[in-house]
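Which chain is which? The protein sequence lines are A and B, in order.
The numbering used here puts the first residue of the first sequence at 498, with every later residue one more than the last.
The numbering used here puts the first residue of the second sequence at 498, with every later residue one more than the last.
The set of hints was computed from the structure by calculation and includes no laboratory data.
Do not rely on the hints blindly, as some may be mistaken.
Note that identical chains are pooled: a pair holds if it fits in a single copy or bridges any two copies.
DSS-like cross-link-like pairs, simulated, lysine-lysine; straight-line CA separation at most 27 Å [as the list claims (entries may be wrong)]: (1) 657 to 701; (2) 634 to 570; (3) 698 to 669; (4) 570 to 761; (5) 634 to 701.
Note that this is a predicted model, so its numbers are computed, not measured.
Residue-level listing of the chains:
There are 2 protein chains.
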Amino acid sequence: MKISIVGVGLLGGSFSLGLQSVEEGHHFIGVDINEDHCTKALELGIVHEICQLDEALAKSDLVVLATPVNVIKWQLPYCLDRLPSNSVLIDLGSTKATFNGHVENHPKRSRYVSCHPIAGTENSGPAEAFPGLLKNKMMIICDKDSSDEDALNLVLQKIKKLEMRLHFMEAKQHDRHIAYVSHLSHISSFALGLTVLDKEKIEKSIFAMAGSGFSSTVRLAKSSPDMWAPIFSHNADNISEALGAYIKQLQLFKEIIDKREEDKSRELMEHANDIRRVLMGLDR
Amino acid sequence: MKISIVGVGLLGGSFSLGLQSVEEGHHFIGVDINEDHCTKALELGIVHEICQLDEALAKSDLVVLATPVNVIKWQLPYCLDRLPSNSVLIDLGSTKATFNGHVENHPKRSRYVSCHPIAGTENSGPAEAFPGLLKNKMMIICDKDSSDEDALNLVLQKIKKLEMRLHFMEAKQHDRHIAYVSHLSHISSFALGLTVLDKEKIEKSIFAMAGSGFSSTVRLAKSSPDMWAPIFSHNADNISEALGAYIKQLQLFKEIIDKREEDKSRELMEHANDIRRVLMGLDR
Numbered sequence: 498m499k500i501s502i503v504g505v506g507l508l509g510g511s512f513s514l515g516l517q518s519v520e521e522g523h524h525f526i527g528v529d530i531n532e533d534h535c536t537k538a539l540e541l542g543i544v545h546e547i548c549q550l551d552e553a554l555a556k557s558d559l560v561v562l563a564t565p566v567n568v569i570k571w572q573l574p575y576c577l578d579r580l581p582s583n584s585v586l587i588d589l590g591s592t593k594a595t596f597n598g599h600v601e602n603h604p605k606r607s608r609y610v611s612c613h614p615i616a617g618t619e620n621s622g623p624a625e626a627f628p629g630l631l632k633n634k635m636m637i638i639c640d641k642d643s644s645d646e647d648a649l650n651l652v653l654q655k656i657k658k659l660e661m662r663l664h665f666m667e668a669k670q671h672d673r674h675i676a677y678v679s680h681l682s683h684i685s686s687f688a689l690g691l692t693v694l695d696k697e698k699i700e701k702s703i704f705a706m707a708g709s710g711f712s713s714t715v716r717l718a719k720s721s722p723d724m725w726a727p728i729f730s731h732n733a734d735n736i737s738e739a740l741g742a743y744i745k746q747l748q749l750f751k752e753i754i755d756k757r758e759e760d761k762s763r764e765l766m767e768h769a770n771d772i773r774r775v776l777m778g779l780d781r
Numbered sequence: 498m499k500i501s502i503v504g505v506g507l508l509g510g511s512f513s514l515g516l517q518s519v520e521e522g523h524h525f526i527g528v529d530i531n532e533d534h535c536t537k538a539l540e541l542g543i544v545h546e547i548c549q550l551d552e553a554l555a556k557s558d559l560v561v562l563a564t565p566v567n568v569i570k571w572q573l574p575y576c577l578d579r580l581p582s583n584s585v586l587i588d589l590g591s592t593k594a595t596f597n598g599h600v601e602n603h604p605k606r607s608r609y610v611s612c613h614p615i616a617g618t619e620n621s622g623p624a625e626a627f628p629g630l631l632k633n634k635m636m637i638i639c640d641k642d643s644s645d646e647d648a649l650n651l652v653l654q655k656i657k658k659l660e661m662r663l664h665f666m667e668a669k670q671h672d673r674h675i676a677y678v679s680h681l682s683h684i685s686s687f688a689l690g691l692t693v694l695d696k697e698k699i700e701k702s703i704f705a706m707a708g709s710g711f712s713s714t715v716r717l718a719k720s721s722p723d724m725w726a727p728i729f730s731h732n733a734d735n736i737s738e739a740l741g742a743y744i745k746q747l748q749l750f751k752e753i754i755d756k757r758e759e760d761k762s763r764e765l766m767e768h769a770n771d772i773r774r775v776l777m778g779l780d781r
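Can you build the whole structure from these sequences, using the hints too?
What follows is the structure, given as structure tokens:
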């Protein structure tokens, strides 16, 4: 099978390496505007040749869009326009409702399967890709009834091969949920990084006493701005709601701490401890 | 040497197990109001006998206070009052200025060494203790000039044996810094947990799509309310300042996202990426 990876970064690269580790004989084609990434992807065996997008589309059985969401937004109709009629197009973007609405009435909509793998690290680029990134992770497929059965089945078969878990949902619901359990985490981390870096200007040695708790909460502040800025715009309404709710919780903590109301802060934290139940499910 | 561990939980227990793994022949005495913890600590070899506090104090060469900070606050003068004149008292609390001010003029102040190991996990209790918790971690010693040379040297020798790194600072500076690099991380995580748990009431399946980024930022919301509520009161002014600065950063993000100002959000995140430099230092 000829598979094009459009955007040979962490996610696209790991998709290719993961599939190569469980299925033989595929020919992978790389498309990327970043020439260094193209060279690196060839060198690491992520792809076997580099093409321009139009050429890649013309000869692919499966096309995987693993670019930032602002790029997917125009690539999606562009690629559907040019896709051979039996080929399949998927994207791996972190927002879904905008795209899906965008191609809702496209004559070839049914050749597209809307995917979001809940996987990634705070690093980016082909050199960070590794075969096991997707294994045991959740793949969300949105609006599956809009896809042709054979297109959906091809994607399901690949997901199974990659040993991913599977969850179907509606694109709008996806975007509402992901704002809370992914996008908000990233903003909380970016803002935490900024707050402490700001303080460092006055208190030079502040990081001498940072430990694993700090690292854990601030790790996502290393994430790529080019990837995240468009996500924030695409999912702005949902993120704004989540962020507003988060700010309210923090203001409540601040008020309680200002008043030294220990019983109330203990109570809030006891509620928060319920996250153990959730994390136990996640770490299973 | 006879060493009393007052509070046989994660930190006190790990201090004992860590020392036992590198030095032989010490006799460890446990003091705890939680009888289950006492039984568990004996069973796990964390301590060799259980005593009431007064009895433990009378026969110890080294006394380690590993209780929540509201308890350390009264235990510190109480223990100094009863400590044999050549013995040494340390605490492992996460705030420092309150205690140190509290015993500043105590006739036996110089037998006390004010310590804060930057180590811990989100778990608590003796069953969670392990010998390697303190290894390679930072030990902060505050106001070292207020301690006798022999008392300080005893503590330094133990720190070296435990293979910890060492940093001296003034108690007030300690509390200012730790508000930013530890206490704020915990509140950001508790508040994130609360926000998403609240949303779960309406959107049942929200956690189906939570991944490692979410786990990482919310992990600290599992922390013990009994330990953290008093810390927030003790260090209220510094935490309130840090929390205020954090809320401002989040409000800025919200404003930018509401206005879909992608360039500005990209710029904020690029600043935040500077945290790579810091985390590289921490993970070394």
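To see whether the hints hold, each was checked on the structure:
no.: 1; hint: 657 to 701; in the structure: between (50 Å within a copy, 26 Å between copies)
no.: 2; hint: 634 to 570; in the structure: within (25 Å within a copy, 46 Å between copies)
no.: 3; hint: 698 to 669; in the structure: between (42 Å within a copy, 18 Å between copies)
no.: 4; hint: 570 to 761; in the structure: between (46 Å within a copy, 21 Å between copies)
no.: 5; hint: 634 to 701; in the structure: between (40 Å within a copy, 20 Å between copies)
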